[in-house]
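Turn these sequences into a full structure, and let the hints steer you where they fit.
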Amino acid sequence: MDTFTPGQMGSLLVLIAVAIWQGSASPTIHPNLDILRVKKGDSIQLLCLGKLPVEWIGIQNGSAMMVYDNGTLYVPKASCNQMGNYQCAYINKPEEGIRTIFVAVTDPESVWCGLHSVYPFVEKGRDALIPCLIADPRFTGNMTLLKDSSPVYSRVSFNPKEGIWIHNVDLSDKDSYECKAQVHGEWVISPRITLSVYDNHQPLIVTIGGLANHVRLQGEQFSISCRVQYYSYEYNGTWIYPLTANAIWNTTDLDTGLSQSYTTDYFLFISAVQLQDSGIYTCHVEAAQLHVNVSVTLQVLEKGYLRLSTLQNKIQETNLHLNLNLQVLIDAYPRPSTYRWIHVNRSGKSIIIGHMIFGQQRHNNTLRLNWMEEKDSGEYIFFADNGEANASIHFYVSVKTKPKVTVLINISNGLQCEVTGYPPPRIQWYKLHPHVDRCGQHGALVFNDSSPKIMSQIPFGSVSLKSVFKGKMEDSETVCCFAVNSAGNDSSFITFSVSEVTGKENKIFKLLYAVFGGTMGFLLLCIIILVYKYKQKPKYQVHWKIIEACEGNNYIFIDPTQLPYNEKWEFPRSNLQFGEEHL
Numbered sequence: 001m002d003t004f005t006p007g008q009m010g011s012l013l014v015l016i017a018v019a020i021w022q023g024s025a026s027p028t029i030h031p032n033l034d035i036l037r038v039k040k041g042d043s044i045q046l047l048c049l050g051k052l053p054v055e056w057i058g059i060q061n062g063s064a065m066m067v068y069d070n071g072t073l074y075v076p077k078a079s080c081n082q083m084g085n086y087q088c089a090y091i092n093k094p095e096e097g098i099r100t101i102f103v104a105v106t107d108p109e110s111v112w113c114g115l116h117s118v119y120p121f122v123e124k125g126r127d128a129l130i131p132c133l134i135a136d137p138r139f140t141g142n143m144t145l146l147k148d149s150s151p152v153y154s155r156v157s158f159n160p161k162e163g164i165w166i167h168n169v170d171l172s173d174k175d176s177y178e179c180k181a182q183v184h185g186e187w188v189i190s191p192r193i194t195l196s197v198y199d200n201h202q203p204l205i206v207t208i209g210g211l212a213n214h215v216r217l218q219g220e221q222f223s224i225s226c227r228v229q230y231y232s233y234e235y236n237g238t239w240i241y242p243l244t245a246n247a248i249w250n251t252t253d254l255d256t257g258l259s260q261s262y263t264t265d266y267f268l269f270i271s272a273v274q275l276q277d278s279g280i281y282t283c284h285v286e287a288a289q290l291h292v293n294v295s296v297t298l299q300v301l302e303k304g305y306l307r308l309s310t311l312q313n314k315i316q317e318t319n320l321h322l323n324l325n326l327q328v329l330i331d332a333y334p335r336p337s338t339y340r341w342i343h344v345n346r347s348g349k350s351i352i353i354g355h356m357i358f359g360q361q362r363h364n365n366t367l368r369l370n371w372m373e374e375k376d377s378g379e380y381i382f383f384a385d386n387g388e389a390n391a392s393i394h395f396y397v398s399v400k401t402k403p404k405v406t407v408l409i410n411i412s413n414g415l416q417c418e419v420t421g422y423p424p425p426r427i428q429w430y431k432l433h434p435h436v437d438r439c440g441q442h443g444a445l446v447f448n449d450s451s452p453k454i455m456s457q458i459p460f461g462s463v464s465l466k467s468v469f470k471g472k473m474e475d476s477e478t479v480c481c482f483a484v485n486s487a488g489n490d491s492s493f494i495t496f497s498v499s500e501v502t503g504k505e506n507k508i509f510k511l512l513y514a515v516f517g518g519t520m521g522f523l524l525l526c527i528i529i530l531v532y533k534y535k536q537k538p539k540y541q542v543h544w545k546i547i548e549a550c551e552g553n554n555y556i557f558i559d560p561t562q563l564p565y566n567e568k569w570e571f572p573r574s575n576l577q578f579g580e581e582h583l
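Residue 1 is where the sequence shown starts when you use full-length UniProt numbering, and the numbers rise one by one after that.
It is possible that part of the hints are untrue.
[Unchecked claim] No farther apart than 27 angstroms at their CA atoms in a straight line, the calculated lysine-lysine pairs in the BS3-like style are these:
| id | residue 1 | residue 2 |
| --- | --- | --- |
| 1 | Lys470 | Lys453 |
| 2 | Lys39 | Lys180 |
| 3 | Lys431 | Lys472 |
| 4 | Lys453 | Lys402 |
| 5 | Lys453 | Lys404 |
[Unchecked claim] What follows is a set of in silico ranges between Cβ atoms, one per label pair, in the way DEER data are often shown:
| id | residue 1 | residue 2 | range |
| --- | --- | --- | --- |
| 6 | Pro191 | Gln299 | 50 to 56 angstroms |
| 7 | Glu96 | Pro191 | 29 to 35 angstroms |
| 8 | Glu186 | Ser223 | 53 to 59 angstroms |
Don't read these hints as lab results, they were simulated from the structure.
Owing to the predicted nature of the structure, the values given are computational and were not obtained by experimental measurement.
Glycine included, C-beta positions come from ideal geometry on N, C-alpha and C.
Put into structure tokens, the structure is as follows:
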């Protein structure tokens, strides 16, 4: 097809065009060419005529491109952006025919024109155009599409007036492409073109990272981000917050051209929050006819807080040699700076740190107790402090132990069963049939002790119980004491012999009588000796005392009441006084 240059068009263009279109039903474009080639910077003038009013499809009047009422389209200065197909049709009657002309703009500096600002954006399932166009008339060959420097042949076609088409695109087709062609005997590769593929069923996604409720102390910073994702870039977002809040916000686009959607982050920042900044902060986004709001709350406090709770029962019972986890939920701001577990048992106190997981205002601490033994029972106290407040929570842990049974013969013609274990075991007495060596259901229940005597009890530990059975027993009969709790069971047997028990009791009583008789005889002998000694002792004793010494002579006063007493020759001394006598 011949080429045409706008400068060759004379003043008779309109008259010639009128003569041509009078014999045609559809509009005509002049110059009457399939491809109009112009140099970059030259003007473009196209004329569309028909029997009815005509219009240039998709063309808007402006400074770069002008449309006149007589059907003339004029471009003062051609650029690579103006390269492409131009279509003319009757106004509101496209069914009567559309005429098309392709305008090729050649660039002296490059065989490729207008590829530096091309970003195809195509819906999944449609055809995508990679507009690799070469305006050089000497190029008549084919063109190859490259992806990662490798040729692409599947679902690809080439049109010299449009470029390379990728048919029925999928999300996996998102990538960067290049076009390769041979011009003047040399291979040339186009600039890289990025293809974006979107799914129009993707909803408008608006998310705010972090918690829904934020807490700050007065004077602290506060920042929050709202992320918007949509298959189209045609959306708008904003922050709505209390009028008293001194907040600033900005946006950051994260789209790379390869993602399935456009992404924008809306950042909001307050350098020093005040009490009046408390309230609801809403990220509001509009896209087409969609409206999405996502909100968070900000609470500004004068002083921090710390609260402890648990989802478990604070009273825990676990079997021996099993593992136990104690978990505490911590609602605090600021986060705890000091925290510890305190274990209190019979041996004293011990400190354990536990495993802490920090969050924003929600934290948790877990104490892992492995291979539990009786010594691990006791009280576990978790304490936390954040500098603004402190709190503690108590757990009470008991380790279950299997019962241990011991049976003794009671001197009161009965049997005594001593049992230790936790929880307090249930005690039952059974009589066993001959040749039966298992307790419980294999024997006959003779006594179910519902209230055994508690001998001792260790806090959070074993309980010692005593049960006495005084039932009637026959000679050579086997009796069993059976104890059971949630940790297990145990039993002990004894074969009862009447003669043996009677003999044992007689021996015991004889021994007691002998001991009692010996003790009484010894005490009587001691009394006799003491009485005899008392009789041998004089009733009065003489006390001599030197009370004065003069000129070598010692004068001694004698108290007659203390002289040896002779009832035969003396007066009663009880009536004797110095200077007189009382008869």
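A quick look at each hint next to the structure:
no. : hint                                : result
1   : Lys470 - Lys453                     : holds (15 angstroms)
2   : Lys39 - Lys180                      : holds (22 angstroms)
3   : Lys431 - Lys472                     : holds (11 angstroms)
4   : Lys453 - Lys402                     : holds (19 angstroms)
5   : Lys453 - Lys404                     : holds (16 angstroms)
6   : Pro191 - Gln299: 50 to 56 angstroms : holds (53 angstroms)
7   : Glu96 - Pro191: 29 to 35 angstroms  : violated (41 angstroms)
8   : Glu186 - Ser223: 53 to 59 angstroms : holds (55 angstroms)
The structure shown violates just one earlier hint, number 7.
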